[in-house]
Amino acid sequence: MFSLERWEEIFETIRKNLLRTILTGISVASGIFILVILLGVGEGMQNGIENQFQNDAANRISVWTGRTSVEYKGLNPGRRIQLKNDDYSFTEKKFADELEYKSALYRIWGSLVSYKKESGSYRVEGVLPDYQFLEGEDMIKGRYLNYNDHQKYSKVAVIGKKVALDLFKNKEDAIGKLIEITGINFKVVGVYSDPGGEREEARVFIPLSTSQRVFNAGNNLQGLAFTLPKQDNFEEALAISTNFTEKLKDQLKRSHTVAPSDESAISINNSLENAKRIYDMMNMIKLFFWGVGIATILAGVIGVSNIMLIIVKERTKEIGIRKALGAQPFSIVTMVLHESIFVTTIAGFLGLLGGLILLEFVGPMVQIEFLRNPTVNFNVAITTLIILVLAGAIAGFFPAWRAARIKPIIALRDE
Amino acid sequence: MIEIKDLHKSYQTGATSLHVLKGINFNVKEGELVSIMGSSGSGKSTLLNILGMLDEADAGSYTLDNVPIKNLNEKIAAQYRNKFLGFIFQSFNLIGYKSALDNVGMPLYYQGMKRKERVERSMAYLEKVGLADWASHLPNELSGGQKQRVAIARALASDPKVLLADEPTGALDTKTSYEVMDLIQGINDEGKTILVVTHEEDIAHMTKRIVNLKDGVIIDDSFVNQVRAKANV
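Protein sequences, first through last, are from chains A and B.
Residues 1 to 415, numbered by this note's numbering, are exactly what the first sequence covers, in order.
Residues 1 to 233, numbered by this note's numbering, are exactly what the second sequence covers, in order.
Bound conformation, chain A alone (with noise of 0.2 Å):
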């Protein structure tokens, strides 16, 4: 099969049938650029979906209450659950070995934040300094809260950075100037970016302590939020996560005396549960595009099987002299399958190569939202080059077969 005379008879074919070979060798070069380009954008979606889950910690649980939809224990439901001081601290030192960083939160939603003639309203959150860790977000200037600030009630603030945008015009340095919150001076001691973008960054983080005095709200929490260590494996992780998940809920259940088939009082979102939602759905995506793409390279080898047909037809009285000089069907089967493997294989690597090739210098170029860095990686490429010989090979199977089946006494017959 791979001796010296094949190579030189499917090299004459070749030559003697220029056009119609390349015209072939498109079609299918084609089909397996598509299917590149489907499974780099593919690669590329998950990286864009990726970046917008980097908001907060991949692995942030986080704790809010609502009311009661459940009678429990005599109490009647529609009942307020409230978080307190005591609830945060209490499964801080319950589950001490399990967390990594944590925090509770007290936030008002729209908060008049001004310095000198320029306001605005914004969000403004009172937090422990681990929630630096538990939103993602980076220091431009200054630092973040800390723990100090949270035991002396410091009337400091770190703002965002659309927040420094808006109140220091002029590019004014915000570091270590006064800003008024509800009329109440804070100082600023940091500008924070988050990846979240402008939305993220229109907020104002000030210690915990501190806003629950000025807002007047005694003991009382909003939410708690909470990561666990980092798994090297997913699903590992989302185990380990959820089973967590499962006993806070029980826990705060119990100290609220709330009914354990109560699912409004007490609400936690996981987002490792959103992010398998979320992988799930990549992996959908994934399989759609290499059905969409192994469909193309599909049409690609229907059409060199109906060319290598024609060929065969059009060969008929050669395939008939041979036969009548001695040819076995079996290399009349070779000599076809040889040839349609071999143009399947040539085209689809330059396909391949033209795809990754366009990956790899325009890749780079495409962040638009959910669409980042489209790369194929290597496996990829060694599956698809798999698919372009088995392709050939099935290309090619029909027309050999029909080849063999030529009777040299009618292909030689005189016209």
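These are calculated hints, taken from the structure and not from any lab test.
All C-beta atoms in this analysis are idealised placements derived from N, C-alpha and C, irrespective of residue type, glycine included.
One thing to keep in mind: the hints can contain errors.
[As the list claims (entries may be wrong)] Ranges of calculated distance between the beta carbons of each label pair, as one might list FRET restraints: (1) A:Phe330 with B:Thr13: 28 to 34 Å; (2) B:Tyr97 with A:Val362: 37 to 43 Å; (3) A:Leu385 with B:Lys116: 33 to 39 Å; (4) B:Asn140 with A:Glu360: 44 to 50 Å; (5) B:Asp6 with A:Phe330: 48 to 54 Å; (6) B:Gly186 with A:Lys16: 32 to 38 Å; (7) B:Gln226 with A:Glu12: 39 to 45 Å; (8) A:Leu18 with B:Gln111: 52 to 58 Å.
[As the list claims (entries may be wrong)] Covered, in the sense of this in silico footprint (three residues per stretch, anywhere, with C-beta under 8 Å from a C-beta of chain A), are these stretches of chain B: (9) 51-58; (10) 106-119.
Starting from the structure of chain A, add chain B where the hints point.
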């Protein structure tokens, strides 16, 4: 060399059956040069196809060089054709995109002969038919007579037991026909058994024996005085 006993062949065309060969009995000894004559529809081509193992008889026996030819599958038929037979066709049937040399080497290729040896042998046969200088030419660069001589060289290349020529001069003018017949006579003189199907009297008389077919039966089988083609060129 060839023994045929009570050979029958019919073709199905739709509902009607056409009985083409109706009991042919016919022997050819080694070194004979036989022509099979007959008008079109007499069954001569069918007979040749059966002799060439391109077709199989419905009934009767065919023995070639003491090998019974029957129940052939495609694989064995291809093997026997390659080993026992050389074909010469009216329309030459050379492969258009291969040089004269490669065309001659084709049967040897299917014998699995190495390229070097194959080229040597092909060249020797091209020399024998006087076309050594044309070895690298494609068939469409050759005249009809030259093409037929390449075809003859190809038929000889595998050193077969029998040459089967189906109207070898049918597409050639008289002068070229005689040149080709001269070549065929020369090959026969060297001891090769040759069967020629023709409907031309003068060509038939250049063989040593004429078998006349009509409506699927042999009506005449007689030895003739061979006319040497050379004398007529």
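Hints versus structure:
1. A:Phe330 with B:Thr13: 28 to 34 Å: Roughly 32 Å apart at Cβ, these two residues keep to the hinted range, so it holds.
2. B:Tyr97 with A:Val362: 37 to 43 Å: Holds, at about 42 Å.
3. A:Leu385 with B:Lys116: 33 to 39 Å: holds, 35 Å
4. B:Asn140 with A:Glu360: 44 to 50 Å: holds, 47 Å
5. B:Asp6 with A:Phe330: 48 to 54 Å: violated, 34 Å
6. B:Gly186 with A:Lys16: 32 to 38 Å: holds, 35 Å
7. B:Gln226 with A:Glu12: 39 to 45 Å: holds, 42 Å
8. A:Leu18 with B:Gln111: 52 to 58 Å: violated, 31 Å
9. 51-58: holds (count 3)
10. 106-119: Satisfied; 6 residues make the cut.
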